[in-house]
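All chains should be modelled from the sequences, with the hints used to inform the complete structure.
Chains as they are written, first to last, in UniProt numbering: chain A, 1 to 263; chain B, 1 to 262.
To be clear, the hints were calculated from the coordinates, so they are not data collected in a lab.
Glycine residues also receive a C-beta, built at the ideal position from the N, C-alpha and C atoms.
A short list of chain B residues far from chain A (calculated; beta carbon distances all over 10 Å): (1) Glu26; (2) Ser71; (3) Pro98; (4) Arg188; (5) Gln189; (6) Gly203; (7) Ser205; (8) Lys220; (9) Leu237.
Chain A regions said to be covered by chain B (calculated; three or more residues, Cβ under 8 Å): (10) 77 to 88; (11) 101 to 111; (12) 132 to 146; (13) 157 to 165.
The primary structure of each chain is shown beneath.
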Amino acid sequence: MNYTKNEVLLDVKDVSLSYDKPILRDINLTIRNIVRPGLDQGQVVSLIGRSGVGKTQLFKILAGLIQPDTGTIMIGVEQQAVEAGQVGIVPQNYLLFNHRSIHDNLRLAMKHVTLESKEKDALIQDYAVKFDLTEHLKKYPQQLSGGQRQRVSIIQQVLTGNRFILLDEPFSGLDALMIDKVMDLLGRVATLHEWNTLVIVSHDVENSLAISDTAFILAREKDKEGATITETLDLIEMGLAWTPGIRENRQFQQVVSQIKHKI
Amino acid sequence: MDIIKSVFRPLTQIKGRTSITLVVVEALAALLAWEIFGQHGLIPTPSKIMVAVGRIVTSAYFTDNLFSSLSLTLSGMGISIVLALVVSYLSLIPVFAPVTRFIVKCRYLTLTGLIFLFTLLTQDGHQLKLSLLIFGIVPFFVTSLLSIIDSINTQEYDLCKTLRMNHWQTLLEVVIVGRLDQVFEVMRQNFAIAWMMITMVEGLSMSEGGLGTMLIKSNKYIDLSTVFAILVIIFGLGIFFDYLLKQMRYWLFPYTKIEKRS
Numbered sequence: 001m002n003y004t005k006n007e008v009l010l011d012v013k014d015v016s017l018s019y020d021k022p023i024l025r026d027i028n029l030t031i032r033n034i035v036r037p038g039l040d041q042g043q044v045v046s047l048i049g050r051s052g053v054g055k056t057q058l059f060k061i062l063a064g065l066i067q068p069d070t071g072t073i074m075i076g077v078e079q080q081a082v083e084a085g086q087v088g089i090v091p092q093n094y095l096l097f098n099h100r101s102i103h104d105n106l107r108l109a110m111k112h113v114t115l116e117s118k119e120k121d122a123l124i125q126d127y128a129v130k131f132d133l134t135e136h137l138k139k140y141p142q143q144l145s146g147g148q149r150q151r152v153s154i155i156q157q158v159l160t161g162n163r164f165i166l167l168d169e170p171f172s173g174l175d176a177l178m179i180d181k182v183m184d185l186l187g188r189v190a191t192l193h194e195w196n197t198l199v200i201v202s203h204d205v206e207n208s209l210a211i212s213d214t215a216f217i218l219a220r221e222k223d224k225e226g227a228t229i230t231e232t233l234d235l236i237e238m239g240l241a242w243t244p245g246i247r248e249n250r251q252f253q254q255v256v257s258q259i260k261h262k263i
Numbered sequence: 001m002d003i004i005k006s007v008f009r010p011l012t013q014i015k016g017r018t019s020i021t022l023v024v025v026e027a028l029a030a031l032l033a034w035e036i037f038g039q040h041g042l043i044p045t046p047s048k049i050m051v052a053v054g055r056i057v058t059s060a061y062f063t064d065n066l067f068s069s070l071s072l073t074l075s076g077m078g079i080s081i082v083l084a085l086v087v088s089y090l091s092l093i094p095v096f097a098p099v100t101r102f103i104v105k106c107r108y109l110t111l112t113g114l115i116f117l118f119t120l121l122t123q124d125g126h127q128l129k130l131s132l133l134i135f136g137i138v139p140f141f142v143t144s145l146l147s148i149i150d151s152i153n154t155q156e157y158d159l160c161k162t163l164r165m166n167h168w169q170t171l172l173e174v175v176i177v178g179r180l181d182q183v184f185e186v187m188r189q190n191f192a193i194a195w196m197m198i199t200m201v202e203g204l205s206m207s208e209g210g211l212g213t214m215l216i217k218s219n220k221y222i223d224l225s226t227v228f229a230i231l232v233i234i235f236g237l238g239i240f241f242d243y244l245l246k247q248m249r250y251w252l253f254p255y256t257k258i259e260k261r262s
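Right, dumping it as structure tokens:
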């Protein structure tokens with residue numbers, strides 16, 4: 001596969017967090033821009049760990065919603081310290097404002113975008129067509145299915161102009177068919193822009209690895225308190241990325257099995 | 001037959017026409033039993049009460065009294081909701097939090113002991129009634145509004161942050177605009193408290209009349225048919241306003257009527 005890894009897009013250094021006991025310690029990870037000739041590549045990164053290991057806390061730290069006790073999170077090609085609002089989040093329950101229609105929820109995301117009102121509406125319409133939501137724009141969130149709400153929630157974050165979007169357990173509670181649809185959706189969002197970076201925080205090893213270019217395993221090491229990144233998988237280098245039907249691949253299945261034992 | 005079985009089966013959901021039929025049949029049965037077995041009792045029978053209702057609503061003084069009670073309740077409610085909203089929203093600013101907590105605790109202050117103080121502070125009977133009504137309602141309003149604010153999912157605030165809203169925009173979007181429908185619902189529920197209190201405060205200054213004044217006068221002369229008739233009118237009006245506010249909520253906030261998809 002012809003690709004290069006260029007500038008750093010996300011750099012997490014020595015992040016730790018404690019409440020009454022250590023939750024996270026020495027978190028270090030780097031995400032670089034993946035460049036493929038002739039493509040707006042974007043990328044999908046997974047943070048995989050079992051329930052209760054501290055994924056949600058790391059999710060909030062990466063989003064700039066809480067401050068770690070130590071360490072830094074630098075994002076973007078300019079490598080600025082992360083602040084709330086620079087990273088989009090798609091919570092597990094696909095939260096939207098129930099008092100606003102889908103169109104208004106999406107418009108709200110563009111409040112700070114310097115476009116004319118008509119241009120904003122045209123952009124919403126464009127995304128609605130791309131992601132099969134045209135007929136739902138006038139509806140309220142309660143009228144949509146979980147999958148539809150998830151799409152709106154993702155598009156809402158894309159419309160803010162954020163290049164980083166964190167997704168909390170995007171495969172949770174979905175059947176096999178829906179999981180395939182979500183994977184397709186994430187792939188399409190990632191390729192909307194060269195710098196689009198989707199970070200999936202999940203305990204679902206198989207599906208997270210199947211969609212990712214890079215995966216970080218968050219786990220606790222023996223006799224040590226607090227979770228840390230215990231392993232980094234470069235799935236492109238391993239030949240396990242960008243391949244349709246990867247879940248049928250024997251090597252992929254072996255990797256999934258190994259990771260399941262490690263987390 | 002299945003319908004009859006279903007109304008006796010535990011945990012069965014009864015909807016639509018069956019539900020209405022059940023209410024009507026049970027109400028008619030209760031009224032009939034009251035009518036038959038209450039002929040020689042102290043409490044007037046439904047037919048006597050209904051005759052008294054007819055007499056009251058067609059009397060010349062009824063409209064004035066009704067208007068007096070309604071205007072007092074509505075003005076009391078209006079001022080109370082504004083005050084309660086201001087107090088509740090201010091509770092999100094740390095410096096105002098102790099004041100809010102104190103107002104919530106005022107639910108346990110009895111009005112009776114404060115009548116003298118309010119009489120000194122107000123200029124006339126109308127102001128006294130209005131002040132007592134507001135003082136009686138606001139703590140309940142604030143308690144309900146604070147429970148709405150407390151139950152807001154913190155993820156909503158996080159979502160606002162990711163949408164690059166500042167603290168004031170977040171307050172407006174999540175707490176004020178986002179919860180207006182629930183504020184309206186609280187208003188509907190607390191209308192019952194205001195409507196119930198009206199008879200009490202009207203008894204403190206009878207010069208303006210009102211349904212409460214009518215009730216107290218009839219009680220004084222042990223005119224039980226009239227007392228029960230006024231109670232029926234108060235009860236009926238309460239149910240009517242409850243229904244009206246419920247429909248207004250659906251009209252103003254159409255999303256509250258939408259059934260959630262799984």
